[in-house]
Amino acid sequence: MAVAIHFDKMLRTGEVSDMVELADREQVTKPRMSQTMVLNQLAPDIQESLINLPATKGKPDRRGMRS
Numbered sequence: 108m109a110v111a112i113h114f115d116k117m118l119r120t121g122e123v124s125d126m127v128e129l130a131d132r133e134q135v136t137k138p139r140m141s142q143t144m145v146l147n148q149l150a151p152d153i154q155e156s157l158i159n160l161p162a163t164k165g166k167p168d169r170r171g172m173r174s
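In terms of this note's numbering, the sequence shown opens at residue 108 and continues consecutively.
Hints in this document: simulated from the structure, not taken from any laboratory.
Any given hint might turn out to be false.
What the hints assert, rightly or not - Straight-line distance between alpha carbons at most 20 Å, and here's what the computed SDA-like set of lysine to any residue pairs gives:
| id | residue 1 | residue 2 |
| --- | --- | --- |
| 1 | 166 | 142 |
| 2 | 116 | 150 |
| 3 | 116 | 145 |
| 4 | 116 | 130 |
| 5 | 116 | 161 |
| 6 | 137 | 113 |
| 7 | 166 | 124 |
| 8 | 137 | 117 |
| 9 | 137 | 119 |
| 10 | 116 | 147 |
| 11 | 116 | 139 |
| 12 | 137 | 118 |
| 13 | 164 | 141 |
| 14 | 164 | 121 |
| 15 | 137 | 147 |
| 16 | 164 | 110 |
| 17 | 137 | 162 |
| 18 | 137 | 109 |
| 19 | 164 | 109 |
| 20 | 116 | 131 |
| 21 | 166 | 147 |
| 22 | 116 | 126 |
| 23 | 137 | 150 |
| 24 | 166 | 135 |
| 25 | 166 | 150 |
| 26 | 137 | 164 |
Claimed, not checked - Derived CB-CB ranges, DEER-like:
| id | residue 1 | residue 2 | range |
| --- | --- | --- | --- |
| 27 | 163 | 119 | 14 to 20 Å |
| 28 | 120 | 158 | 19 to 25 Å |
| 29 | 160 | 126 | 22 to 28 Å |
| 30 | 132 | 152 | 29 to 35 Å |
| 31 | 160 | 121 | 28 to 34 Å |
No residue lacks a Cβ here, since even glycine has one placed at the ideal position from N, Cα and C.
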């Protein structure tokens with residue numbers, strides 16, 4: 108969520124001209140950038156909840172996420 112907010116600020120301030128430039132600069136695919144930016148459309152209370160989640164270390168174990 109914090110990354111999405113940061114990217115939105117970069118767009119609003121003109122640091123980057125569009126999401127294509129932002130994706131290239133951040134070395135992510137354009138679809139991944141779009142997925143990240145859609146977080147900015149969440150309700151403010153949900154955004155706040157995401158920002159206030161406790162920090163985690165390492166990468167998530169995705170084996171348990173598959174159905």
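Hints and how they fare:
1. 166 - 142: Judged against 20 Å, a Cα distance of about 19 Å means the pair holds.
2. 116 - 150: Holds. Residue 116 to residue 150 sits at ~18 Å (cutoff 20 Å).
3. 116 - 145: Judged against 20 Å, a Cα distance of about 14 Å means the pair holds.
4. 116 - 130: holds (14 Å)
5. 116 - 161: Measuring from Cα to Cα gives roughly 23 Å; hence the hint is violated.
6. 137 - 113: Holds. Residue 137 to residue 113 sits at ~17 Å (cutoff 20 Å).
7. 166 - 124: violated (31 Å)
8. 137 - 117: holds (16 Å)
9. 137 - 119: holds (18 Å)
10. 116 - 147: holds (11 Å)
11. 116 - 139: holds (18 Å)
12. 137 - 118: holds (15 Å)
13. 164 - 141: violated (25 Å)
14. 164 - 121: Since the Cα atoms of residue 164 and residue 121 sit roughly 33 Å apart, the hinted pair is violated (cutoff 20 Å).
15. 137 - 147: holds (16 Å)
16. 164 - 110: Since the Cα atoms of residue 164 and residue 110 sit roughly 17 Å apart, the hinted pair holds (cutoff 20 Å).
17. 137 - 162: Violated - the C-alpha atoms of residue 162 and residue 137 are around 26 Å apart, more than 20 Å.
18. 137 - 109: With Cα atoms ~18 Å apart, residue 137 and residue 109 stay inside 20 Å; holds.
19. 164 - 109: Status holds; Cα separation ~16 Å.
20. 116 - 131: This hinted pair holds, its Cα atoms lying about 17 Å apart.
21. 166 - 147: Violated: residue 166 and residue 147 sit about 23 Å apart, past 20 Å.
22. 116 - 126: holds (12 Å)
23. 137 - 150: violated (23 Å)
24. 166 - 135: Given that 20 Å is the threshold and the Cα spacing comes to 18 Å, the pair holds.
25. 166 - 150: violated (27 Å)
26. 137 - 164: This hinted pair is violated, its Cα atoms lying about 27 Å apart.
27. 163 - 119: 14 to 20 Å: violated (29 Å)
28. 120 - 158: 19 to 25 Å: holds (20 Å)
29. 160 - 126: 22 to 28 Å: Roughly 25 Å apart at Cβ, these two residues keep to the hinted range, so it holds.
30. 132 - 152: 29 to 35 Å: With a Cβ separation near 31 Å, residue 132 and residue 152 satisfy 29 to 35 Å, so the hint holds.
31. 160 - 121: 28 to 34 Å: Between residue 160 and residue 121, where Cβ atoms are some 31 Å apart, the hint holds.
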